[in-house]
Amino acid sequence: MTPLPPIKAQLMSLGALDSREVGLARMRLARNITTLSTSILAAFLTISVWPSRAQQPSPPAPDSEQLDVGQLFATTCGWCHSAGGRAAGKGPQLMDTKRDDDFLRIRIKNGKEGAMPAFGAVFNDAQIDEIIKYIRALKPSEG
Amino acid sequence: MRKQWLNPGLPVLVAATLAASAAWAQAVDTARIESAGQNDWLTYHGSYKSYHYSPLSQINTGNVSNLGVAWIHIPGRSTRGLQSMPLAADGVLYYTGSYSRTFALNGATGEVIWSYFPELDEALVARQTHSPYNRGVALGEGKVYVGTMDGRLIALDMKSGKVMWDTKLIDSQKLTVGFTGAPLYAKGTVVIGSQGGEWPGRGPIFGVDAATGKKKWEFLTVASTDDAMKTWGNDSWRTGGGGGWMPGTFDAENNTILWGTANPAPLYDWSGADYKTQGARPGDNLYTTSVIALDVDTGKLKSYHQELPHDAWDFDSAVGEFVMLDRDGQKYVVHPNKSGYIFVYDRNLGIKNVWRITQNSNFVKDIDPKTGELIGRRDFPAGKVSEPLCPHISGGVSWNSGSYNPKTGLYYKLGQEWCMTLEVQKTTPIVAPQAQLNIGADFKIAPPPGGEIYGHLDARDPITGAKKWEVRFPEPPLGSVMSTGGNLVFVPDSRGTVHAYDADSGAELWSHGDGTGHQGGIISYAVNGKQYIAVVAGFGGMASDDYAPTFGGVYKSMPRDDGALVVYSLK
Numbered sequence: 001m002t003p004l005p006p007i008k009a010q011l012m013s014l015g016a017l018d019s020r021e022v023g024l025a026r027m028r029l030a031r032n033i034t035t036l037s038t039s040i041l042a043a044f045l046t047i048s049v050w051p052s053r054a055q056q057p058s059p060p061a062p063d064s065e066q067l068d069v070g071q072l073f074a075t076t077c078g079w080c081h082s083a084g085g086r087a088a089g090k091g092p093q094l095m096d097t098k099r100d101d102d103f104l105r106i107r108i109k110n111g112k113e114g115a116m117p118a119f120g121a122v123f124n125d126a127q128i129d130e131i132i133k134y135i136r137a138l139k140p141s142e143g
Numbered sequence: 001m002r003k004q005w006l007n008p009g010l011p012v013l014v015a016a017t018l019a020a021s022a023a024w025a026q027a028v029d030t031a032r033i034e035s036a037g038q039n040d041w042l043t044y045h046g047s048y049k050s051y052h053y054s055p056l057s058q059i060n061t062g063n064v065s066n067l068g069v070a071w072i073h074i075p076g077r078s079t080r081g082l083q084s085m086p087l088a089a090d091g092v093l094y095y096t097g098s099y100s101r102t103f104a105l106n107g108a109t110g111e112v113i114w115s116y117f118p119e120l121d122e123a124l125v126a127r128q129t130h131s132p133y134n135r136g137v138a139l140g141e142g143k144v145y146v147g148t149m150d151g152r153l154i155a156l157d158m159k160s161g162k163v164m165w166d167t168k169l170i171d172s173q174k175l176t177v178g179f180t181g182a183p184l185y186a187k188g189t190v191v192i193g194s195q196g197g198e199w200p201g202r203g204p205i206f207g208v209d210a211a212t213g214k215k216k217w218e219f220l221t222v223a224s225t226d227d228a229m230k231t232w233g234n235d236s237w238r239t240g241g242g243g244g245w246m247p248g249t250f251d252a253e254n255n256t257i258l259w260g261t262a263n264p265a266p267l268y269d270w271s272g273a274d275y276k277t278q279g280a281r282p283g284d285n286l287y288t289t290s291v292i293a294l295d296v297d298t299g300k301l302k303s304y305h306q307e308l309p310h311d312a313w314d315f316d317s318a319v320g321e322f323v324m325l326d327r328d329g330q331k332y333v334v335h336p337n338k339s340g341y342i343f344v345y346d347r348n349l350g351i352k353n354v355w356r357i358t359q360n361s362n363f364v365k366d367i368d369p370k371t372g373e374l375i376g377r378r379d380f381p382a383g384k385v386s387e388p389l390c391p392h393i394s395g396g397v398s399w400n401s402g403s404y405n406p407k408t409g410l411y412y413k414l415g416q417e418w419c420m421t422l423e424v425q426k427t428t429p430i431v432a433p434q435a436q437l438n439i440g441a442d443f444k445i446a447p448p449p450g451g452e453i454y455g456h457l458d459a460r461d462p463i464t465g466a467k468k469w470e471v472r473f474p475e476p477p478l479g480s481v482m483s484t485g486g487n488l489v490f491v492p493d494s495r496g497t498v499h500a501y502d503a504d505s506g507a508e509l510w511s512h513g514d515g516t517g518h519q520g521g522i523i524s525y526a527v528n529g530k531q532y533i534a535v536v537a538g539f540g541g542m543a544s545d546d547y548a549p550t551f552g553g554v555y556k557s558m559p560r561d562d563g564a565l566v567v568y569s570l571k
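Protein chains in written order, with the numbering used here: chain G, 1 to 143; chain S, 1 to 571.
Hints in this document: simulated from the structure, not taken from any laboratory.
Below, a sample of chain G positions facing chain S; criterion: calculated Cβ distance under 7 Å:
| # | residue |
| --- | --- |
| 1 | Ala74 |
| 2 | Thr75 |
| 3 | Thr76 |
| 4 | Gly78 |
| 5 | Ser82 |
| 6 | Ala83 |
| 7 | Gly84 |
| 8 | Ala87 |
| 9 | Ala88 |
| 10 | Lys90 |
| 11 | Gly111 |
| 12 | Ala118 |
None of these values were measured; they are calculated from a predicted model. We put the beta carbon where it would ideally sit given N, CA and C, even for glycine.
Chain G extracted, bound-state conformation (with noise of 0.2 Å):
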């Protein structure tokens, strides 16, 4: 079974036959094994289905992966950006930052102590910069 890379397996596009697919056919396989011990199980899906970062130190290649920064605003990100990036929060406000991007860039990457994740292991260069567009495109949202 070819492992896929971390962002295909998290935001695996609903419209990619191929990949729902193989998602289901693990699924199913999973279903399979629950007899096993939940160690083993774990261990099983750890190795047959997502890359540990040891097997795979570089980030994801971006091929034909198109990141949903909308999305990923939603489930992470939004979290400390309210609003979708649109008002400060926890952190602050990205809508019109002043920052520029290779100081955006280099903060998604790294993080900073205690305040924001490093993502550097989750993103590519590609990624991030889809982010960084995201951001830039940020308007207010109607109503």
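Chain G is already provided as a structure; the job is to place chain S on it using the hints.
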């Protein structure tokens, strides 16, 4: 009126030093924690009764105005402040700071007896969102137990701080989550629950042999039984959540661990009303947002109550308080849910009553006090939610604890009044823990309809919820509350002031600034007949990070990487 309790002088100092030296320490075991001697604070919740109450009365309503700082301790590297509950045994104070830095201090002087800084996987910690704070240790069998952000439970020799064992319980590299909560020691077993909630995983709670460090059992809060598996439609158990990140307590009569579990993921589901069949995780999602009773020896589930079936609001049951009461021949357990509803159970977790501490609450219309059933629940479809959701994601109550005072019969508990605007997003299932959280919505903090955000300390009957008095705060205090035999209630607030109130009337009798906001524990103990009050100060973290942008004022300059342990005694 100042009262002299001890003759000052060298003999006392020598005696204090000796008493504080670990050589004098007696074994901390289950029976000793159960009996909760007044000079100690041996477990997170004060005793297995979870009262957060000290019977000490040397500091009391008559002399609290003479309370002053005895000593302070700076743990260093307090990223996201200090959030732990100190413990005290035989004159020695044990506590942790961020990164699980662990200290044993002379309770009378603050002198460091030993310290232990575990070597952590720093690259992993840098990737974590709910990190690197630590909420405390457990004591038992001559050891101090502490969890780490990289998935380990470590036992240290109580006298020397030497590592006795170091057990890797979860693969944090893979799951991202680790341990921030304090462990619980009971009957030869150390129990600790992992983070969960926002991450794909099954939120394990572990029982570990206190003597050897060997894992005895593991309970998965997500779909651990066949019945529970059926409550996660479309294999959504793989998206998971759950966990049990605050210590619960031990019911010796039933040989049972009582524990609260965290929420399912994503936090906000787009199911709409048909949550049993639609949305991200169709069904009730057992055993998330539940209170569970586990056999302490085997980890076997004995009983449970799911406080919010299919929690769609992140109002989980992770609060670790299980207030054990006896009244009129009936044994009760009081457990606050994050929503602000307070559940009253019998010892088998059967519902006896439900009452609410918050004014502003609209995620349900009500909860049936007879059955615990949710009435008029709001299950959102994808899209903008028209009426703000109350309370805010930080909850109607904090994960920190209230206090029950057996002398007044009152339960002192903080309530939080705040709401949030919300736009629920239909997201693709997250089954691989790489990009951190799984929220499922864009949101923003908001004031309650027609009012301002505020917090309040309530003095209530713990079983009926009848309110005797209330004290309001302009911003919700986030720390723990403690009451004492001196008829006092202590509240460390968010601005950085510790307040002492008359336990009967709520009149403020004393206050003192600690220099930064509070969001951790407060305890009392005695060394050689002298009573001390220890509180951790240091702001920053998931709830408190909202304070600077929301309230401005003192929060704008308040550090989120600093903290101190401040210890008070009578001058």
